[in-house]
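*Asks:* Spelled out from the first residue to the last, the chains are:
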Amino acid sequence: MSQSNHKLQHQIKQEQDALARHTAGARAGLEFTTAEEAIRADADATVLPPAIAERLKKSIQAEPPPSKRSWWKRIFGH
Amino acid sequence: MSALTTPCPVEPPTAQPDADDAPLAPERDGPPPIRAPLEPPELAAIYDEHAHSIYYLALRMLGDPTQAEDATHDVFLKAYRKLGDFRGQSTVRTWLYRITINHCQNLLASWHRRHVFPTEDDALYERAPSTADTPLRVLENKELGQRIQKALDALPDEYRLLLLLVADEKLSYDEVGALTRQSADAVRGKLHRARKAFALHFHQTA
Numbered sequence: 001m002s003q004s005n006h007k008l009q010h011q012i013k014q015e016q017d018a019l020a021r022h023t024a025g026a027r028a029g030l031e032f033t034t035a036e037e038a039i040r041a042d043a044d045a046t047v048l049p050p051a052i053a054e055r056l057k058k059s060i061q062a063e064p065p066p067s068k069r070s071w072w073k074r075i076f077g078h
Numbered sequence: 001m002s003a004l005t006t007p008c009p010v011e012p013p014t015a016q017p018d019a020d021d022a023p024l025a026p027e028r029d030g031p032p033p034i035r036a037p038l039e040p041p042e043l044a045a046i047y048d049e050h051a052h053s054i055y056y057l058a059l060r061m062l063g064d065p066t067q068a069e070d071a072t073h074d075v076f077l078k079a080y081r082k083l084g085d086f087r088g089q090s091t092v093r094t095w096l097y098r099i100t101i102n103h104c105q106n107l108l109a110s111w112h113r114r115h116v117f118p119t120e121d122d123a124l125y126e127r128a129p130s131t132a133d134t135p136l137r138v139l140e141n142k143e144l145g146q147r148i149q150k151a152l153d154a155l156p157d158e159y160r161l162l163l164l165l166v167a168d169e170k171l172s173y174d175e176v177g178a179l180t181r182q183s184a185d186a187v188r189g190k191l192h193r194a195r196k197a198f199a200l201h202f203h204q205t206a
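Going down the list, the protein sequences come from chains A and B.
The numbering of the first sequence is the numbering used here, which starts it at 1 and goes up by one.
The numbering of the second sequence is the numbering used here, which starts it at 1 and goes up by one.
Just chain A, with the same shape it has in the complex (with noise of 0.2 Å):
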């Protein structure tokens, strides 16, 4: 019996200890030792809304196409 207490008690340690790790961790958090760091974990972190890339396309479509012509020849005529 006590040692099923003992076996009991060591998995209940073990549990502990393994979430105060996570809870350790999570509060550790992110770290950043510049600004540009920081930002550009944040820009990682953004996702860009695919809704963009549709809404574009249809507008696209709805646009009359765009001069070909390089700028030089439509500023020189040629």
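I should point out that these hints are in silico values taken from the structure, not numbers from a laboratory.
Certain hints may be false.
Claimed, not checked - Straight line, CA to CA, 25 Å or less: simulated SDA-like cross-link-like pairs of lysine to any residue:
#1 B:LYS170 to B:HIS192
#2 A:LYS57 to A:VAL47
#3 A:LYS58 to B:ASP74
#4 A:LYS57 to B:THR66
#5 B:LYS82 to A:ALA51
As the list claims (entries may be wrong) - Here are a few chain B residues that sit away from chain A, every Cβ distance over 10 Å (derived from the structure):
#6 VAL92
#7 ARG98
#8 ASN106
#9 ALA154
#10 SER172
#11 THR180
#12 ARG181
#13 ASP185
#14 ARG188
#15 GLY189
Yeah, the Cβ is synthetic: ideal placement off N, Cα and C, and Gly gets one too.
Following the hints, put chain B in place on chain A, whose structure we already have.
*Replies:* Here is chain B on its own, set in the frame of chain A:
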């Protein structure tokens, strides 16, 4: 992407730049690289490569996801309309950034949302207790976004834009300088103060 960097066989004559890509050519040591004009079918590839960065820049400049979404759409629609005007004197990325910055600054001006902090000048940041060396800590990504937005909103416009651009590792200091209308050396000089100001406000948001 290779089509965007193909050298043009005949160097086109210099012309007056338009509003969008005018500031992108200077700040280089030699003549700017000449690239082939973009053609409309390339827009999809350009969008795939740059849309995320454009959206993020708009998001942090405007501070609102819906407005950033609208801005990203408008920037790429404007780029589509101006593809024939792109002269290749800058990279596509800096050209798109220039359109985005102008677009967002116009929106901010029209909304009277420009943040002016007359007392928070360079001298104030110099006098403020230094938190620049203290690590910037957050618990999770969601909190990171909120705190970065608050810290950026508290900064002078120039510092906010400078940090957002320098954070993009694909941009050189020369390109950041061209986009912010100053030399690369000036960018380096101001970056120190911008970092310090950001750290100060970031820690205040905790």
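*Asks:* None of the hints should be skipped; say for each whether it holds.
*Replies:* Each hint tested on the structure:
With a C-alpha separation of about 20 Å, the suggested pairing of LYS170 (chain B) with HIS192 (chain B) holds against the 25 Å cut-off. Among the hinted pairs, LYS57 (chain A) with VAL47 (chain A) is consistent with the structure: their alpha-carbon atoms are about 19 Å apart, no more than 25 Å. A hinted pair counts as satisfied when its Cα atoms are at most 25 Å apart, and LYS58 (chain A) with ASP74 (chain B) qualifies at roughly 12 Å. The suggested pairing of LYS57 (chain A) with THR66 (chain B) holds, with an alpha-carbon distance near 18 Å, which does not exceed 25 Å.
A threshold of 25 Å between alpha carbons decides the hint, and for LYS82 (chain B) with ALA51 (chain A) the separation of about 23 Å falls inside it, so the pair holds. With a minimum CB-CB distance of about 15 Å to chain A, VAL92 (chain B) clears the 10 Å threshold, and the non-interface call stands. Look at ARG98 (chain B): its CB is around 16 Å from the nearest CB on chain A, clear of 10 Å, so calling it non-interface holds up. The Cβ of ASN106 (chain B) lies farther than 10 Å from every Cβ of chain A, with a closest approach of about 19 Å, so its non-interface assignment holds.
The beta carbon of ALA154 (chain B) is kept farther than 10 Å from every beta carbon of chain A, the shortest such distance being approximately 12 Å. For SER172 (chain B), the requirement that its beta carbon stay farther than 10 Å from each beta carbon of chain A is met, with the minimum near 14 Å. Every C-beta of chain A lies more than 10 Å from that of THR180 (chain B), the closest at about 15 Å, which supports listing it as non-interface. Its beta-carbon lying about 20 Å from the closest one in chain A, ARG181 (chain B) satisfies the requirement of being farther than 10 Å from that chain.
Every Cβ of chain A is farther than 10 Å from the Cβ of ASP185 (chain B); the closest lies at roughly 18 Å, confirming the non-interface assignment. No beta-carbon of chain A is positioned within 10 Å of the beta-carbon of ARG188 (chain B); the least distance is around 13 Å. The non-interface label for GLY189 (chain B) is consistent with chain A: the shortest C-beta to C-beta separation is roughly 16 Å, beyond 10 Å.
In summary, the structure agrees with every hint in the numbered list given earlier.
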